[in-house]
Amino acid sequence: AGVTQSPTHLIKTRGQQVTLSCSPISGHRSISWYQQTPGQGLQFLFEYFSETQRNKGNFPGRFSGRQFSNSRSEMNVSTLELGDSALYLCASSLGLLTSYEQYFGPGTRLTVT
Amino acid sequence: TQLLEQSPQFLSIQEGENLTVYCNSSSVFSSLQWYRQEPGEGPVLLVTVVTGGEVKKLKRLTFQFGDARKDSSLHITAAQPGDTGLYLCAGGTDTGNQFYFGTGTSLTVIP
Numbered sequence: 001a002g003v004t005q006s007p008t009h010l011i012k013t014r015g016q017q018v019t020l021s022c023s024p025i026s027g028h029r030s031i032s033w034y035q036q037t038p039g040q041g042l043q044f045l046f047e048y049f050s051e052t053q054r055n056k057g058n059f060p061g062r063f064s065g066r067q068f069s070n071s072r073s074e075m076n077v078s079t080l081e082l083g084d085s086a087l088y089l090c091a092s093s094l095g096l097l098t099s100y101e102q103y104f105g106p107g108t109r110l111t112v113t
Numbered sequence: 001t002q003l004l005e006q007s008p009q010f011l012s013i014q015e016g017e018n019l020t021v022y023c024n025s026s027s028v029f030s031s032l033q034w035y036r037q038e039p040g041e042g043p044v045l046l047v048t049v050v051t052g053g054e055v056k057k058l059k060r061l062t063f064q065f066g067d068a069r070k071d072s073s074l075h076i077t078a079a080q081p082g083d084t085g086l087y088l089c090a091g092g093t094d095t096g097n098q099f100y101f102g103t104g105t106s107l108t109v110i111p
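Sequences listed follow chains A and B, in order. Residue numbers for the first sequence follow my numbering, so the first one is 1 and each next one is one higher. Residue numbers for the second sequence follow my numbering, so the first one is 1 and each next one is one higher.
One or more hints might be untrue.
[Said to hold, decoys possible] Ranges between beta-carbon positions, derived for each pair:
#1 Leu10/A x Val44/B: 47 to 53 angstroms
#2 Gln53/A x Pro8/B: 41 to 47 angstroms
#3 Ser12/B x Leu10/A: 29 to 35 angstroms
#4 Ile13/B x Gln17/A: 40 to 46 angstroms
#5 Asn24/B x Glu81/A: 40 to 46 angstroms
#6 Leu58/B x Thr8/A: 29 to 35 angstroms
The hints are simulated quantities; they were obtained by calculation from the structure and are not laboratory data. Keep in mind that this is a model prediction, so the values were computed, not measured. For each residue, glycine too, the CB sits at the ideal point set by N, CA and C.
Just chain A, same shape as in the assembly (with noise of 0.2 angstroms):
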């Protein structure tokens, strides 16, 4: 099976918080999240590997994420704003992602009203 997220689109409000989930491929270590939005493309969120952040994207606090003992990730945006509508992709690699091949989910559309 291939990268899974949920929930596939999602619609809060401003203030709220939301928790996103991804599921890696098996033996997959590595899990990273991205921004997609038509106005900047895709942006690098940050990665986690072996439940450790590791790499991270020029993104504010209200942005956050863990990493469970069997891979599977969460990203959590606290105090939504308008401007966090966006596709949100996450990737699994077998290692560090400079240095392994990415498999992308399928995404999880998020509009904040």
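Starting from the structure of chain A, add chain B where the hints point.
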């Protein structure tokens, strides 16, 4: 300003034509990857180029990594409607700990 700039941003061509997409940066990348993304799906990896000057061929697609590892190109020969999609280059720099995606090239191949 994006670290990886792609050109052109949009491309609409007839089936059978050839095309080239460019990916440029002022930074040195340890490797560059090319992805294709279709609507409603995540990007799918096409190829990874690692060595400066490297050329890789995948059927009708030819990928090249610049000698200085700052740029890359994707050439498609005899484009087909199935090639339609968003093409993205991506990679990590030699010095940083982030992963960057290019600005993207939206290709439409008209039957």
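Using the Cβ atoms, figure out if Ile13/B sits within 40 to 46 angstroms of Gln17/A.
Because 45 angstroms falls inside the window, the suggested range holds.
Is the distance from the Cβ of Gln53/A to the Cβ of Pro8/B consistent with 41 to 47 angstroms?
36 angstroms, violated
Honestly, do Asn24/B and Glu81/A meet the 40 to 46 angstroms range at C-beta?
Given about 32 angstroms between the Cβ atoms, the range is violated.
Cβ separation of Leu10/A and Val44/B, checked against the hinted range 47 to 53 angstroms
Violated, at about 24 angstroms.
In this structure, is the beta-carbon distance linking Leu58/B and Thr8/A contained in 29 to 35 angstroms?
30 angstroms, holds
Take the C-beta atom of Ser12/B and the C-beta atom of Leu10/A, compute their distance, and say whether it sits inside 29 to 35 angstroms.
Since the Cβ atoms of Ser12/B and Leu10/A sit about 33 angstroms apart, the hinted range of 29 to 35 angstroms holds.
The structure shown violates the earlier hints numbered 1, 2 and 5.
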